[in-house]
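Residue numbers (full-length UniProt numbering), protein chains in the order written: chain A, 1 to 354; chain B, 1 to 325.
Everything labelled a hint here was simulated from the structure, so no lab data went into it.
None of these values were measured; they are calculated from a predicted model.
Each residue gets a CB set at the ideal place from its N, CA and C atoms; glycine is no exception.
With a straight-line cut-off of 25 Å between C-alpha atoms, the simulated SDA-like cross-links for lysine to any residue are:
1. A:K74 - B:P110
2. A:K74 - B:G234
3. A:K107 - B:V225
4. A:K74 - A:D25
5. A:K74 - B:T237
6. A:K107 - B:G234
7. A:K310 - A:V346
8. B:K277 - B:E77
9. A:K107 - B:T237
10. A:K74 - B:T241
11. A:K74 - B:V225
12. A:K107 - B:V243
13. A:K107 - B:T241
14. A:K74 - B:S223
15. A:K74 - B:G117
16. A:K107 - B:T323
17. A:K74 - B:L220
18. A:K74 - B:D221
19. A:K74 - B:Y113
20. A:K74 - B:V243
If you anchor each label on the Cβ, the simulated ranges turn out as follows:
21. B:I211 - A:A304: 58 to 66 Å
22. B:W236 - A:Q28: 32 to 40 Å
23. B:W180 - A:D119: 52 to 60 Å
24. B:W236 - A:A59: 22 to 30 Å
25. A:A304 - B:P215: 46 to 54 Å
26. A:A59 - B:P235: 22 to 30 Å
27. B:P215 - A:Q28: 39 to 47 Å
28. B:P215 - A:R224: 47 to 55 Å
29. A:S132 - B:W62: 51 to 59 Å
30. A:L178 - B:S133: 57 to 65 Å
31. A:L178 - B:I311: 55 to 63 Å
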Amino acid sequence: MNGLSLTGIYKDFGSVRAVENVHLDFAQGELTALLGPSGCGKTTLLRMIAGLELPSGGAIRLNDDDITALPAHKRRFGMVFQNFALFPHLSVRENIVYSLVISGTAKADAMETGERLLDLVQLKGYGDRRISALSGGQRQRVAIARALAQEPDVFLLDEPMSALDAKLREDMQVELRLLQQRLGITTIVVTHDQREAMTMADKIVVMSQGKVEQVGSPQDIYHRPENAFVADFIGRANFFDGVVENGQLRIADTVLNTTPAPAFLNGSGVRIACRPELPCLDREDVEGSRLNATVTFVRDLGPARDIHLKTAIGPMIVEYAQGEDQQQYRVGQETVVTLPAEGLHVFPEEKAVL
Amino acid sequence: MSVISDLDAVAQPPNTTRSEARKWANPQVLIWAVVLFLCLTPFILIFAVSFGHKVEGAGWVWGFSFANYQRVFVGAEWPDQVTWLYLQRLYYSLYYAVIAAVLAVVTAFPFTYLMTGLSRRAQSAWLVFLLSSLSLSEVFIVMGWDVLLSNRSGLPMVFKETGLTDWLKAVGWFDVLREWGLANPRNVKFKTSVLATVLTMSYLVWPYAVILLYPPLSRLDRSMVEAAHTMGAGPWTVMRTVVLPAMRLPLVGTILLLFVFLLGVYVAVTVFAEPAKQTMSVSVYGAVRGNTLNAPFGAAQAIVLLVTAAIFLVLGQWMNRRTAS
Numbered sequence: 001m002n003g004l005s006l007t008g009i010y011k012d013f014g015s016v017r018a019v020e021n022v023h024l025d026f027a028q029g030e031l032t033a034l035l036g037p038s039g040c041g042k043t044t045l046l047r048m049i050a051g052l053e054l055p056s057g058g059a060i061r062l063n064d065d066d067i068t069a070l071p072a073h074k075r076r077f078g079m080v081f082q083n084f085a086l087f088p089h090l091s092v093r094e095n096i097v098y099s100l101v102i103s104g105t106a107k108a109d110a111m112e113t114g115e116r117l118l119d120l121v122q123l124k125g126y127g128d129r130r131i132s133a134l135s136g137g138q139r140q141r142v143a144i145a146r147a148l149a150q151e152p153d154v155f156l157l158d159e160p161m162s163a164l165d166a167k168l169r170e171d172m173q174v175e176l177r178l179l180q181q182r183l184g185i186t187t188i189v190v191t192h193d194q195r196e197a198m199t200m201a202d203k204i205v206v207m208s209q210g211k212v213e214q215v216g217s218p219q220d221i222y223h224r225p226e227n228a229f230v231a232d233f234i235g236r237a238n239f240f241d242g243v244v245e246n247g248q249l250r251i252a253d254t255v256l257n258t259t260p261a262p263a264f265l266n267g268s269g270v271r272i273a274c275r276p277e278l279p280c281l282d283r284e285d286v287e288g289s290r291l292n293a294t295v296t297f298v299r300d301l302g303p304a305r306d307i308h309l310k311t312a313i314g315p316m317i318v319e320y321a322q323g324e325d326q327q328q329y330r331v332g333q334e335t336v337v338t339l340p341a342e343g344l345h346v347f348p349e350e351k352a353v354l
Numbered sequence: 001m002s003v004i005s006d007l008d009a010v011a012q013p014p015n016t017t018r019s020e021a022r023k024w025a026n027p028q029v030l031i032w033a034v035v036l037f038l039c040l041t042p043f044i045l046i047f048a049v050s051f052g053h054k055v056e057g058a059g060w061v062w063g064f065s066f067a068n069y070q071r072v073f074v075g076a077e078w079p080d081q082v083t084w085l086y087l088q089r090l091y092y093s094l095y096y097a098v099i100a101a102v103l104a105v106v107t108a109f110p111f112t113y114l115m116t117g118l119s120r121r122a123q124s125a126w127l128v129f130l131l132s133s134l135s136l137s138e139v140f141i142v143m144g145w146d147v148l149l150s151n152r153s154g155l156p157m158v159f160k161e162t163g164l165t166d167w168l169k170a171v172g173w174f175d176v177l178r179e180w181g182l183a184n185p186r187n188v189k190f191k192t193s194v195l196a197t198v199l200t201m202s203y204l205v206w207p208y209a210v211i212l213l214y215p216p217l218s219r220l221d222r223s224m225v226e227a228a229h230t231m232g233a234g235p236w237t238v239m240r241t242v243v244l245p246a247m248r249l250p251l252v253g254t255i256l257l258l259f260v261f262l263l264g265v266y267v268a269v270t271v272f273a274e275p276a277k278q279t280m281s282v283s284v285y286g287a288v289r290g291n292t293l294n295a296p297f298g299a300a301q302a303i304v305l306l307v308t309a310a311i312f313l314v315l316g317q318w319m320n321r322r323t324a325s
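The task is simple: from the sequences and hints, build the whole structure.
Next comes the structure, spelled out in structure tokens:
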């Protein structure tokens, strides 16, 4: 296959298995985000791809060449580190052309490439500055330019935005994505920020406890989570525990309809997830399971409101975009919530253990 | 007492004598005074003694003459005759100290770098071992090296018994060793030689080199090394282009510190250096406590040694700053 592929990759640190049997394909020119909570093994996986860690088992292939045991300095993979890892004893330009200088590129060519990359990351005129004289955002740009200087086959970024403030992070996510699309480099970004992953990635790999939980496009991951962990980790969800009865879901004395019908044996314990923006309040025109509810709390978030409800199946949050419904809800108000059948995700009970 | 008299008392200017007394009673001032006294007094005394002169058959007397300094730089018979004996000793002091300090740092650096990559427990074990080795006195260490390098029981004997000497003779390297003063007609010999002196001096300060280099190396951002690897740099290139430049300040600082320490080494030089290649510290001891018993001349040599060390420190720092800028 053309691109990068991982087959049965695992990594043990002593008795601890940090990464478990990972099979992944990264298509040429695609941006993939490895997303998961801290300690889920995503950085270890990235380091194995970079050649900074040797896998305990499995194979890494680039364009069908086995590179599993190839040391990092022979892979031509550009990498941006969490702390950027810039060389403080070198100027901005010297940092950027480092890979070219050590590979013996003619000085004039290296300098020309340096200027082009400085221009690319919008740091023209900063070439002679010391690294210590740059802001966080500028340092990140230098780290990106430096990693791109060797024209890498694969571009790896380990939590590249974590050192930036919230506003700059949002801007850099868009900038980085545009740059990656322009250059068309196969890119893998490690992040624990789902918003960052959704903004930048063509494909998201959700990881937990060393395992891949789901691989898919941002929309797939959000709207069609394959298990309770993904439903919980990506976006927000209301969770209920119930059992399957004759193709329906029973939670306490309430029966809910789902589409498609849950594919579980009668009596199976299940966990049900429902995104908070999907239920409707006081809407007769919407199909779905109707439940009486009492408003327990109203949280105004500016562009949206969270209505906290107490229902027969448990507490629930319904998110309303401002202006979508002008009705004002007060604490203690009685209402009817409709759960659309296609908005309920049903998972086996054992997957519910997070 | 009335309120008015109270106010009068408050309005009176503070008692200057009492406030001065309080100032001197301040613990910080006292501590500084004691520290300065303890640090400066020996130096001032030696400086003052260096201008005195020896009384033949007796001790010495205070005075103000540059004769001792003259003797150090151009000899006692100047201007009729110029001798460089003591400048030569100063030269050997610098020669041994520079080579031994650089050798210690050059060998301690890779060791310390590798050590910082070990587990915490292994690092602690090494550090405890190295710290405990510091408890060995110079005399003890020199005695050990003396045995190790002695012609009859040390390495030369091993060379002879294992046939290494014959092999060296066969391949023609034995003659080279003889030219370097590291062999006699029969076997290799390490005593007395510059090699033995420098090796022992280097060994003396090696644990210090590790202990001084350990903190900056353990603080070195390893992601810089990894970043260099991902940009195509092999281990040696990373060492040359990333680690060494990042460690330039600690390296220079360690060399300077060891150099100053080694200027004062006495026992190792006495045992391993040829009489013609002895250092100024041996000469100082000889003047103060040895056969000549000429304390003012010893003091003058000590001052010259001290000033030389200070000049080297200033030069080293200046060069370091210049390179950094």
